[in-house]
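With the sequences and hints as input, model every part of the structure.
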Amino acid sequence: MRTHRIITTVLLMSLALLPGILPAQGEVNVYSARQEALIKPLTDRFTEETGIRVNIVSARADALLQRLRSEGRNTPADVLVTVDAGNLHNAREAGVLQPVRSGILEAAIPASYRDPDGYWYGLSMRARPILYVKGKVDPQQLSTYEDLADPKWRARICVRSSSNVYNQSMTASMIIAHGEEAAEAWARGLTANLARPPQGGDRDQIRAAAAGQCDIVIANTYYLGQMHEGDESDRRAAEAIGVFWPNQDDRGVHVNISGAGVTAHARNRDNAVRLLEFMAGDEAQQWYARANQEYPVKPGVRWSDTLAGFGEFEADGVNLGLLGAHNAAAVRLMDRAGWR
Amino acid sequence: MSAQPENLIAGPPPEEPAAPARTRPGQRRPDLWTVVTLTVAAILALPVLVVFAHVFIPATEVWLHLRETVLADYVINSLILMLGVGVGVLLLGVPAAWLVSLCDFPGRRVFEWALLLPLAVPAYIIAYTYTGLLDFAGPVQTQIRAWTGWGWGDYWFPQIRSLPGAVVMLSLVLYPYVYLLSRAAFLEQSVCVLEVSRTLGVGPWGGFRRVALPLARPAVITGLSLALMETLADYGTVEYFGIPTFTTGIFRTWFGLGDPAAAAQLAGLMMTFVLVLIVLERYSRRRARFHHTSGRYSRLPRYRLSGWHRAGAVLVCVLPIALGFVIPALQLGQWALDTTDVWMRPEFLRLVWNSISLAGIAAVLAVVLALVMAYGKRLRPSLAVNAAVRVAGMGYAIPGTVIAVGVILPFAWIDNTVDGFMREHFNVSTGLILSGSLVAVIFAYCVRFLAVSLQTVEAALTKIKPSMDDAARSLGMGPVMVLRRVHMPIMRGSLLTALLLVFVDVLKELPATLILRPFNFNTLAVRAFELASDERLADSASAALAIVLAGIIPVILLSRTISRSRPGHDTPA
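Protein chains in written order, with my numbering: chain A, 1 to 340; chain B, 1001 to 1573.
The reader is advised that the hints may include incorrect statements.
[To be verified] For lysine to any residue, the following SDA-like pairs were computed, each having C-alpha atoms within a straight-line distance of at most 25 Å:
| no. | chain 1 | residue 1 | chain 2 | residue 2 |
| --- | --- | --- | --- | --- |
| 1 | A | K152 | A | P198 |
| 2 | A | K152 | A | R235 |
| 3 | A | K152 | B | D1154 |
| 4 | A | K136 | B | R1145 |
| 5 | A | K40 | A | A291 |
| 6 | A | K40 | B | V1140 |
| 7 | A | K136 | B | V1140 |
| 8 | A | K136 | B | T1142 |
| 9 | A | K134 | A | P151 |
| 10 | A | K40 | B | I1356 |
| 11 | A | K136 | B | P1139 |
| 12 | B | K1465 | B | M1488 |
| 13 | A | K40 | B | L1102 |
| 14 | A | K136 | A | K40 |
| 15 | A | K40 | B | A1336 |
| 16 | A | K152 | B | V1276 |
| 17 | A | K40 | B | D1338 |
| 18 | A | K152 | A | P116 |
| 19 | A | K136 | B | W1152 |
| 20 | A | K134 | A | E180 |
| 21 | A | K134 | B | T1339 |
| 22 | A | K152 | B | G1151 |
| 23 | A | K136 | B | G1153 |
| 24 | A | K134 | B | A1146 |
| 25 | B | K1465 | B | G1476 |
| 26 | A | K136 | B | Q1143 |
| 27 | A | K136 | A | V243 |
| 28 | A | K134 | B | G1151 |
| 29 | A | K136 | B | T1339 |
| 30 | A | K134 | B | V1316 |
| 31 | A | K136 | B | G1151 |
| 32 | A | K136 | B | A1146 |
| 33 | A | K152 | A | R340 |
| 34 | A | K40 | B | V1352 |
Since the hints were derived computationally from the structure, they do not count as laboratory data.
Right, dumping it as structure tokens:
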């Protein structure tokens, strides 16, 4: 029968899809919330150097965490790579990470960018400063995040939806600095000052500002950095934008990290630690700066020219793990403030 | 090939199943068919039920918080979205289907299949491309400003990232469901009915309004309900446009507020929408029967259109194709040319192969399972079986991520239990057998897309007169034999339709693939999304374009199948 033949063919085809079942000796398995394009080049270099094969699954951070939790002690993952300290904090709380002590890691990564007990280590850093349209806003008028809630900025600010974790973490840092009530009042003020309902991503906010829709944007540095390296229209938009480092006289600009930890039931623990150490090394740190316009966490590693052009800044020294602890409260107060 | 008997694509089952070859009187104990159908349905309903189990966790204060702040927004926006998309897909799909089925005008043969092309475009991709084009900072508005010297606020331009924008985007890619099913219905309509109506002096417009449309209503509504379920499950578009709906709310509650129970309760509320849809659909055809009585076919002369009728017909067909396919595809093509995607080229073929083989396997499985369930329901129409089949078909309205979590939980539990048992008794660890394998991925696809194959297969089965079963059974065939030798050949067109629909759907599927896939396994949709979600639209274009191109072939096949299904399509006029 023809149907039989089709079914047999399809079943045979499916054999080709079977992944490598046997755990080989020299390998390390990574669950990555960073997309493959932002980690594969690094892990390829790692394999070249050490001969250890790196297998990757990339997906949303929250989904990977769910997968890790339900797989329990049988999880194949050795390393969890993710962005935003909130996610790293949640992973530790969920008990899917294990503490790691490594002289190399501790020497390379400043204390504020890693878990005090070694459950996770920051591998790259990004800031979320205030961006302004050159010529339309006098940077002298800008001062702090708090000031953006002032009515003088009515209908002049663009920012993305509060469903995004970057805004959730920023608001969490506001809660840590001033308490929930003040943070909610701030969110209300900021929402009232928006030039349009929140929509699109960070780049879209920058483009909208450059095109004249708003004067002030809150966005992550690497988006602006990448636009400087992007196509013609993106480059022109980025040129029109200036970077202002807020809160330099008090707590510093809100920053966040991407980072990684070794899973609680890692079978290739040693390889996992080696991978982390490699990612904290000079070569990998420079790659982040060059390829994705992120700041290296390791002091002394050269920034990309674009990043250097943004200038030096004082970063908020709050322990980043705390941001995760205040995430739910941040989401709720943004709900109440009507920040979509 | 001679004219096949009613090779029907779509249309619904009547509410009282026509129960051929019924259970013998006096038979009490559950028989094999009931057991098999119930088991298959139970397994497929598992992920949906797992998520729903959370509903019974007492309402937390997060739920109160949601009710006080954002719940009204979720409900209202989702309702407006469904209403808008409903109207949109009907306006785009039904007139076009009728025109290409029963009228003659220039380009009709091309429109026939081209109208299906938007089916190959994932909703989030069309949203990204149109935003790139029509946004304030995009080329269109920039050009307008360059010509006129206007600035922000000096002129009005529709906001693409808005609720109406989302309605338009979703309508453009979802209308093919309505088009597909209503065209099949128009084609299959007994020629006699239409001829009779013509002899009574009914013109093209009257024939459409008073004869063809009422007869096609069940098929149109089936298409509509597929489109609306897909609308409810959409995450990518509404998230990008910043519209708070049920799906964005579920994600926000689950992951942002860290409360799976409240998220599941939101999902539960959303499912009541689907139930209402289903009930409405049943109610709308409560008394109707849609068996066809005539077995005689001849080619029906098409209405020849002329003058502005002709121009109007062309416009009705060109508009959805241009907006839903040509413009986005051109934009993607331009981006793909602009960007050099160096790191992805060597493995591009691998991506294509992964996508296509996964889609192929899932499509075959989904159709086989649908066949088992629909046939089980036909043979043993009991309350339990009917309900089980309904529940198993609900996955279509649930966002892929929620399904994925519903798959992870039981699979990991099974794996860990087996592993624990083996460790204890045999001192070997079996590790994870199901989780993190393609089995999990394919299972999730079946759960998610069963509704598509089930609806198509069920509709086709219902159209087969029960007397056929009886005749075959009286000649000594068993139920399986009847299915293979009688029903399957009759339904060949419908089965192929179901196969291709699931294939295209899986090709576009994203969230479940993303979460459940094994190490180092990527598909085109994953690649396109990863880059697009990092706001690198242009870089994602080549993968997105590949999805669209890979989807075109099955879509064209689909169209041919339907044309062939026309009774009398190959008899001399």
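Cross-check of the supplied hints:
1. A:K152 - A:P198: Answer holds: K152 (chain A) to P198 (chain A) is near 19 Å, not above 25 Å.
2. A:K152 - A:R235: violated (30 Å)
3. A:K152 - B:D1154: Holds. K152 (chain A) to D1154 (chain B) sits at ~22 Å (cutoff 25 Å).
4. A:K136 - B:R1145: holds (18 Å)
5. A:K40 - A:A291: holds (12 Å)
6. A:K40 - B:V1140: violated (36 Å)
7. A:K136 - B:V1140: Roughly 24 Å separates the two Cα atoms, so the pair holds.
8. A:K136 - B:T1142: holds (19 Å)
9. A:K134 - A:P151: This hinted pair holds, its Cα atoms lying about 21 Å apart.
10. A:K40 - B:I1356: holds (24 Å)
11. A:K136 - B:P1139: Distance of about 23 Å is within 25 Å: holds.
12. B:K1465 - B:M1488: Satisfied, since the Cα-Cα distance of roughly 14 Å is no more than 25 Å.
13. A:K40 - B:L1102: Answer violated: K40 (chain A) to L1102 (chain B) is near 54 Å, above 25 Å.
14. A:K136 - A:K40: Answer violated: K136 (chain A) to K40 (chain A) is near 41 Å, above 25 Å.
15. A:K40 - B:A1336: Judged against 25 Å, a Cα distance of about 22 Å means the pair holds.
16. A:K152 - B:V1276: Answer violated: K152 (chain A) to V1276 (chain B) is near 48 Å, above 25 Å.
17. A:K40 - B:D1338: holds (23 Å)
18. A:K152 - A:P116: It is violated: about 41 Å lies between the C-alpha atoms, which goes past 25 Å.
19. A:K136 - B:W1152: Roughly 13 Å separates the two Cα atoms, so the pair holds.
20. A:K134 - A:E180: violated (33 Å)
21. A:K134 - B:T1339: Since the Cα atoms of K134 (chain A) and T1339 (chain B) sit roughly 29 Å apart, the hinted pair is violated (cutoff 25 Å).
22. A:K152 - B:G1151: With Cα atoms ~21 Å apart, K152 (chain A) and G1151 (chain B) stay inside 25 Å; holds.
23. A:K136 - B:G1153: Holds, at about 16 Å.
24. A:K134 - B:A1146: Satisfied, since the Cα-Cα distance of roughly 20 Å is no more than 25 Å.
25. B:K1465 - B:G1476: holds (18 Å)
26. A:K136 - B:Q1143: holds (22 Å)
27. A:K136 - A:V243: holds (13 Å)
28. A:K134 - B:G1151: holds (16 Å)
29. A:K136 - B:T1339: violated (32 Å)
30. A:K134 - B:V1316: violated (47 Å)
31. A:K136 - B:G1151: The hint holds at about 14 Å.
32. A:K136 - B:A1146: With a Cα-Cα distance of about 19 Å, the restraint between K136 (chain A) and A1146 (chain B) holds, given a limit of 25 Å.
33. A:K152 - A:R340: Holds, because 22 Å separates the two Cα atoms, which is no more than 25 Å.
34. A:K40 - B:V1352: holds (19 Å)
Hint check: violations occur at hints 2, 6, 13, 14, 16, 18, 20, 21, 29, 30; the rest are consistent with the structure.
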